[in-house]
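Model the full structure from these sequences, guided by the hints.
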Amino acid sequence: MATRKTSEPFWWLLFAAGGMVAALLVPVHLLVNGLAVPLGWTSISHARMLALAGHPLVKLYLFVLIALPLYHWAHRFRFVLEDLGLHGWRTPIAILCYGGAVAGTVATLWVLWGI
Amino acid sequence: MSDATITLEVTRYRPGHDREPHPQSFEVPFQKDWVVLDALNHIKDRIDGTLSYRWSCRMGVCGSCGMMVNGVPKLTCAAFLRDYRPGPIRVEPLANFPVIRDLVIALDDFMEKLRRVKPWIIRAEEKPVSEGEYRQTPAQLETYKQFSMCINCMLCYAACPVYGLAPAFVGPAAIALAYRYNLDSRDEGYRLREPVMSDAVGVWECTFVGECSVVCPKGVDPAAAIQRSKLAGATDWLLSMVMPWGGRR
Ligand code: SF4
Ligand code: FES
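Protein chains in written order, with our numbering: chain A, 1 to 115; chain B, 1 to 249.
Just so you have them, the derived chain B footprint on chain A, three or more residues with Cβ under 8 Å:
hint, region
1, 6-12
2, 83-97
Just a sample of chain A residues kept apart from chain B, beta carbon distances all over 12 Å, derived:
hint, residue
3, A22
4, L24
5, L25
6, V26
7, V32
8, N33
9, L35
10, A47
11, L50
12, P56
13, V58
14, K59
15, Y61
16, G104
17, V106
18, T108
Keep in mind the hints are simulated off the structure, nothing from the lab.
Even glycine gets a Cβ: it sits at the ideal position worked out from N, Cα and C.
What follows is the structure in structure tokens.
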């Protein structure tokens, strides 16, 4: 049987890396940005946060934090749709899911660029 | 308790006779220590000798008695009637496989896939018998032992929705077996199995459903073998990208 070249390892690596970020870093930000700051457990002013986000290294960090989990979502969601029986639609589903993640990546770059 | 009974709804299909599989009900004695296979044997011996199904060891070793029991892939020699009271108990042929007759399914596809992953120890060069056996430490044995416990019962294929939708998928047990040999310290066949493993219908077809590991009666955890093989495959791929001239493990 001839081996078919596949781009799966590429998407899987992004999926795996995104999963790591989603599992390790996202909860921290949910806690800090989603609870601690709004509920006043700690006070970081908007100006200070903005200044922080303007630092190139922090931008890089935010890029990883936001973009990689998108690929985790895309891979998972694609498989969920396939398992639901949309197997005949694999190619359009893959294009939509990964395309969505790529669009999100571009949007993230664009927003970070503007800070 | 002795005159208690339980009903089995058994799928019947006789090629050339029945247009399609249909259930037939049988009332069998309920015995506390009976498994579904005992009930089937009772039907065959006492009620209807034409009922066809596979079995052999009656002790969870041969892997031939797998069927769907109330919709779940089970070894019927390990599925106690008492766990399905008051019944009825639906007994169907393993899902995702073509049915030959009654509860007997066609194994050809699975057998072909097993062969395809080359499940034997491959050496770059065999050493002469006079030099003795290939030795292994208990720790080396431990790395793959779990994946060598497979009895080829195919319950994992019956549980796998991916195999149901895309029958070309190499599938859980075959991948677990390939992984078992890849992990074996005596084996040097990783590269020869790789074309099958990293094919689009190899490990990458898996969508992390995980049902294979849930239904496996031997604790093989084929899902883990698949995910770890994905990591190995992705690492290979990455190396071949950064070192196209031959960055291989
Ligand atoms: S991996 Fe488990 S369920 Fe699958 S064939 Fe082997 S023993 Fe059966
Ligand atoms: S009869 Fe052998 S495993 Fe059930």
